[in-house]
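This is what each chain is made of:
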Amino acid sequence: MRRFFLVLANDIRRHLRSPWTLLIFIAIPLFMTALIGIIFAPRSEGNELPSIPVLVVDNDKGLGSKLLVGAFDADQLKKMFQVTLTDQADGDKRMAKGKASAMVVIPKGFTLDLLEAKPVTLLVVKNPAEQFLPDVVEEFMKTIAVMLSGAVQAFAEEVKGLRAMLNLKLDSFPWERLAPEFGKAQKKVVAAAKFLDPLLIRLKTEETRAAGARPPVTAYSIFAVILPGMAIMFLLFIVQTVMRDLLSDREDGKLRRMLTTPLRPLELIGARIAGGWIMGLLVLAVMVAVGTLVFRVAWGPFGYFLLLAAVAAFWTAAFFALFHALVRSRNQAGALGAPIILAFSLFGGSMMNPEVMPKAFKAVGIVTPNRWFIDGAALVREGRFPVLSLVVLFASGLVLLALAVPALRRRASV
Amino acid sequence: MLEIKNLTKSYGDVVALDRFSLDLKKGEVLGLLGPNGAGKTTLISILAGTVRDFTGTVTFEGRSLFADRSMKNRLGVVPQDMAFYDDLNAMDNLLFWGGLYDVPRADLKRRAAELLEVVELSDRAKEPVKNFSGGMKRRLNTAIGLLHKPDLLLLDEPTVGIDVQAKVSILDIIRSVGAAGTAVIFTTHQLAEVEGTCSRIAIMDHGRILAQGTLDALIRIVGEKDIVEFTGEFAAAAFSEALQDLAGDGLELLSVADGLASLAVADTGRIPKVMDRLFQRKLAVTDMKIKTPSLETVFLKLTGRSLRD
Chain A
1 MRRFFLVLAN DIRRHLRSPW TLLIFIAIPL FMTALIGIIF APRSEGNELP SIPVLVVDND
61 KGLGSKLLVG AFDADQLKKM FQVTLTDQAD GDKRMAKGKA SAMVVIPKGF TLDLLEAKPV
121 TLLVVKNPAE QFLPDVVEEF MKTIAVMLSG AVQAFAEEVK GLRAMLNLKL DSFPWERLAP
181 EFGKAQKKVV AAAKFLDPLL IRLKTEETRA AGARPPVTAY SIFAVILPGM AIMFLLFIVQ
241 TVMRDLLSDR EDGKLRRMLT TPLRPLELIG ARIAGGWIMG LLVLAVMVAV GTLVFRVAWG
301 PFGYFLLLAA VAAFWTAAFF ALFHALVRSR NQAGALGAPI ILAFSLFGGS MMNPEVMPKA
361 FKAVGIVTPN RWFIDGAALV REGRFPVLSL VVLFASGLVL LALAVPALRR RASV
Chain B
1 MLEIKNLTKS YGDVVALDRF SLDLKKGEVL GLLGPNGAGK TTLISILAGT VRDFTGTVTF
61 EGRSLFADRS MKNRLGVVPQ DMAFYDDLNA MDNLLFWGGL YDVPRADLKR RAAELLEVVE
121 LSDRAKEPVK NFSGGMKRRL NTAIGLLHKP DLLLLDEPTV GIDVQAKVSI LDIIRSVGAA
181 GTAVIFTTHQ LAEVEGTCSR IAIMDHGRIL AQGTLDALIR IVGEKDIVEF TGEFAAAAFS
241 EALQDLAGDG LELLSVADGL ASLAVADTGR IPKVMDRLFQ RKLAVTDMKI KTPSLETVFL
301 KLTGRSLRD
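In order, the protein sequences belong to chains A and B. Under our numbering, the first residue of the first sequence is numbered 1, with each subsequent residue one higher. Under our numbering, the first residue of the second sequence is numbered 1, with each subsequent residue one higher.
Since the hints were derived computationally from the structure, they do not count as laboratory data. Do not take every clue at face value.
Under 10 Å between C-beta atoms, here's a sample of chain B residues computed to sit facing chain A [unchecked claim]:
id, residue
1, Thr55
2, Arg69
3, Ala235
Under the rule of at most 30 Å between Cα atoms (straight-line distance), these lysine-lysine pairs were calculated in the DSS-like manner [said to hold, decoys possible]:
id, chain 1, residue 1, chain 2, residue 2
4, B, Lys137, B, Lys5
5, B, Lys149, B, Lys225
6, B, Lys109, B, Lys130
7, B, Lys137, B, Lys26
8, A, Lys118, B, Lys167
9, A, Lys254, B, Lys225
10, A, Lys254, B, Lys149
11, B, Lys167, A, Lys254
12, B, Lys25, B, Lys130
13, B, Lys291, A, Lys254
Just so it is clear, CB atoms sit at the ideal spot from N, CA and C, and this is done for glycine as well.
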């Protein structure tokens, strides 16, 4: 065992003395995580939409159009929309310059047509340079259109009377006839109020923590989702680099020299695999530390995550022990290693969210360590013990190890 | 001390060692000479324990050299490859490689420091080996094989590709190791190296020893005759015919070609008579060289080819 620890200590010392490769493999995933997180995370912690600039061209200037414009000014909507009243020419000019997300054009005669229950058309001009905000305006206008149409139909009789009176002059206006119309309308409103207040259906919003549900997305939780995928991908790269000693020592004669000493092949193989495991764990520890301190990632219970990281590093070391027992040379290892790692990462969910992956990708993903590590990390984040990930990674790691050791022993007999 | 009997090793149809036998005494330095493919490296590899599946026996002080792992503590190997870690410094390399043997840590540090003095690297002990010259690396490679004070030292072409100064240094080390009682086998292509370093020389080819002994004993194999080489503008047949009646009686025509011929002569006093005859026959000789018997001539006579072939 003394020689086992001597080789192990020597390997770790060598890699730590020339740390550039390790540092690069640690820095890249952290940088990528930061980049992806910054691009895709919400801009503020309250998840509020930015205020949407909307131009309104009121060609009607009647009661209906004023109600419509006023709708934008309601309490909650005031924050959402930034409304500017303008004329058609100025509106077109501003839209051409991309100064607003959308322009709503209210046609002339809108109020009268509405009161006569004739179909009217509101025009919504959307800014093609923006992705979501014009759609919000469009949806809002559809809702307003439905509400107004409903109101006009519900109060059709009263509206009809009102329409007839609108053409009369002020001095000949039959004020006395208004009272019955208002009386009817009042009855309908009171009747409706019985149903509307309190509303039979109320909407209550709350955040769920049920099984399978994800916590709300914030900038920091996006890092927590991305970083495990990046970490396992670069863990694979690092362990492959570290364990390439199995080949380089054979190619440049150091293995032959070691075998002339009392060192047993099994001690050497064990030390190399343990070295890969320890280096992998060390690198994961650095990523976790940076993730916690810089990206404020909450990993979940530390013990669970440590166990998951240890098992993932073990799987990786066992895999590359077998890989290096099967390939012929350093060049071949370099040529085959990177595509295998990238394939693991693609199908395993390091490169895209597994939830949006095609079914075929997901199916292939179950044979990758990335998938099990990412799934396990997600469970740990929710405070749950990742038993399935641990069992799968550990058991398959043992199988890989059982295949790798005899293969490496054969290769050690030069 | 070391006894090798009927060692045979084949790679497919190629016989690398063919019933190879050899004895080596304590403190003896054996130079193993042979052209490429003669079986030298295979022999060293078998003795070092890195090649298996052979027949024959190898005993060291009466025990099989491969009896158990403890025997490896008695064996030092200096491979042809620069087998150490370039990214470590010289001292750390010595401590690591020495640590693989059963040497107490304190002794190992002292021994490493001593050896760095011997190989003249003590002032570069803390420098990464990747910064060393080829000669310095060779010296470090040799030092690693000596850390645990082996009783049997195997060196496979330890002076390949280095400058004269480093070569002299390594040969000095080999001589002093032998003088200290270690049995040494070293292979080389350089005849001059074995002439000045080895107490015994073995010439091998096709997996067998063709001849072995001290330098003087080997030279006696080709006799005491000097070799005379003629170059000029002459036809081979005319040259042979001119000296036909002078052959025998201490003069032997070794080889003749158009423009180049060599004779073995027991007495250089006969050379003027040879020149006279060639002059009478109008054979134009432009140059003549007299060579005394050497290991090279022995090697040529035994293997039929130059050492570099």
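Evaluation of the provided hints:
no. : hint                : in the structure
1   : Thr55               : 17 Å, violated
2   : Arg69               : 4 Å, holds
3   : Ala235              : 52 Å, violated
4   : B:Lys137 / B:Lys5   : 35 Å, violated
5   : B:Lys149 / B:Lys225 : 44 Å, violated
6   : B:Lys109 / B:Lys130 : 22 Å, holds
7   : B:Lys137 / B:Lys26  : 28 Å, holds
8   : A:Lys118 / B:Lys167 : 109 Å, violated
9   : A:Lys254 / B:Lys225 : 47 Å, violated
10  : A:Lys254 / B:Lys149 : 20 Å, holds
11  : B:Lys167 / A:Lys254 : 22 Å, holds
12  : B:Lys25 / B:Lys130  : 38 Å, violated
13  : B:Lys291 / A:Lys254 : 44 Å, violated
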